[in-house]
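There are 2 protein chains.
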Amino acid sequence: MSQMNAIVMKNGSLSVNQIDRPEPGPGQVLVKSLACGICGSDIHITRHTSDVFDVYKTLGIMDASASDDQEVLLGHEYAAEIVSYGTETQGSLPVGSRVTSVPILLTQGGAGVGVMPGVYGAYSEYFIVDEALLLPIPDSVPSEAAAITEPLAVGLHAVNRSEIGVDDVALVAGCGPIGLAAIAALKQRGVKRIVASDPQDAKKEIAMAFGATDFVNPVKDDEVALAAHLAGEHKVVIIECVGIHKLINDFIMRAPAKAKLVVTGVHTTPTTLNLAYATVKEMDVIFSYYYQPEEFAACLNEIAEGNVPWELMRTGKVGIDGVQGAFETLFKPNDHIKIIIEPWRKGELETL
Amino acid sequence: MSQMNAIVMKNGSLSVNQIDRPEPGPGQVLVKSLACGICGSDIHITRHTSDVFDVYKTLGIMDASASDDQEVLLGHEYAAEIVSYGTETQGSLPVGSRVTSVPILLTQGGAGVGVMPGVYGAYSEYFIVDEALLLPIPDSVPSEAAAITEPLAVGLHAVNRSEIGVDDVALVAGCGPIGLAAIAALKQRGVKRIVASDPQDAKKEIAMAFGATDFVNPVKDDEVALAAHLAGEHKVVIIECVGIHKLINDFIMRAPAKAKLVVTGVHTTPTTLNLAYATVKEMDVIFSYYYQPEEFAACLNEIAEGNVPWELMRTGKVGIDGVQGAFETLFKPNDHIKIIIEPWRKGELETL
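Chains as they are written, first to last, in the numbering used here: chain C, 842 to 1193; chain S, 842 to 1193.
One or more of the hints may lead you astray.
Where chains are identical, the list cannot tell them apart; a pair therefore holds if satisfied intra-copy or between any two copies.
To be verified - Think about it this way: if two alpha-carbon atoms lie no more than 30 Å apart in a straight line, the pair counts; the simulated DSS-like pairs of lysine-lysine are:
#, residue 1, residue 2
1, K1028, K1099
2, K1099, K1122
3, K898, K1122
4, K873, K1187
5, K1061, K1187
6, K1187, K1028
7, K1099, K1076
8, K851, K1033
9, K1045, K1173
10, K1033, K1076
Don't read these hints as lab results, they were simulated from the structure. Predicted model only: the values in this text are computed from it and were never measured.
With the hints as constraints, model all of the structure from the sequences given.
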């Protein structure tokens, strides 16, 4: 059986291992990873493996007796190339076609690609996807752009979950990939006033390019007060794209009456909230997770139509042997938004 | 100036004091209290005065420097009789008319009647309401029934905030006044399956009379599992009417995917939540507070039309000198649902 390079996360450490190349099962396709984004959740599971496994165990996704040193093959934001089809497939796209997909395996009980033990991920040279979920990547779309479809879909889903009206004021807290994706989706939806906030002033230009109408550095100014001022009689919809659990209570305390708070971060640390304020303000707190397949497809289409300045989001590229170093960089304060792994080549992190 | 008996809550203690009868200001009406319900929030502010004042101070409703021994004249669920009109009024209803109203004073900056310092309440013999908010009580409706309009409106508002569909399954947690009110509103809305839960088995009969289709004692059986089973592909909408903050996390942990949780209790104690579960389940957490005037009017109408078995909710009556004793009863485990104060008479708590 052929071997391949794979990034293995085990109990908080990454390494490049030689493992068997997977075989596609019924309904499955073996693909070669062309480009894969490093997601905040990849960083999170690496730093807080035990917390994330606890959630999986409570939800019944992982066996309750599994140890914390289970290996995870990371990578769920990908562009890939079809290598071979398993049984019970149609061969609907030619071998060699570039594809992406919603990163789940319906053929494996809905398991998440690249986020849990027992499933291959796109940080590796090869991995497995479902034929039924394949989306061809248009020729005009570079692989690294197609890999950004996934975070864009997370942002679009959060905006759709918010049911925001065009006259409501959006406050997108955090201009990382999900925040920028939310901004793009809000612009596409026709929301007139989109306030972006981020403690890095350099994010302003990027946020505006994605569609923000206003930018606030929350260290210097009160982003919630600005959104409330702009909203007047309309609603303020805060879309939390930071992933710092203490901000949830902060937003509840500072939000104006009738505000909606959309939580996109997965906060595995227990969070203490002063719910009386949420009650008195009659807030809606909406939790958003993943996306629908049609949202994913819509985001790939937005990229193909040139509506998303994805180059501004992609701040680094790295080969398979540089992933560990890239994680070290991301563990510390840094200016990166999205680093794209190209698992088929070697090379240290290159900042673009 | 005439004197009156008033129940004064000061730093956790109640007493019957002789104080000046209030004078109605512009747009205001002096009313005589005929019947006033004891609300869970009256108990809460008495036991946790400092916590509630902290919330008021943070919201700017109370001066930040005010001490915890500010007096509160309780009582916001009332039927009353018009005594005299202030200036700038129309005299739209004859003196002697029985009325109720949404318990706020638009003439006093939207202050809440009977819930904060500086405003009169309906536990007292006389208090002040706005002419603009007066609703006449139909002759067929006893005063003690009209006093139940307010908690019914709280329940109706929570149901309206939930936007529950008729095929969704409601789980009403807690069969106190707000829970029973929510059940009545769900029935009125046409929701087909209404699961009520309460640790007191005796609540079953009352919950069913209000419109519940199923009853679970959560000490013995899993009410969330039953609701999820009944819902199938439809949503479960949990309406929290208990006011115990630890239940919020409990419901987040136990709820099925896509569940909605409507919080009606005012949880002034900071609450620790495992938000990752809310995220992975894509829950909506909706905070409901007070009601709209049209919801209040609709509830009075429901009583008048005989659609609400309010007698089952009213478990006790008490005169003004028995209120302190009634609170002592309510501070301990008890079987009461709603005790009605008749401030115009004397008498110890009478269980009905």
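Query raised in the report: Which of the numbered hints above does this structure break?
Result: Structure breaks hints 5, 6, 8.
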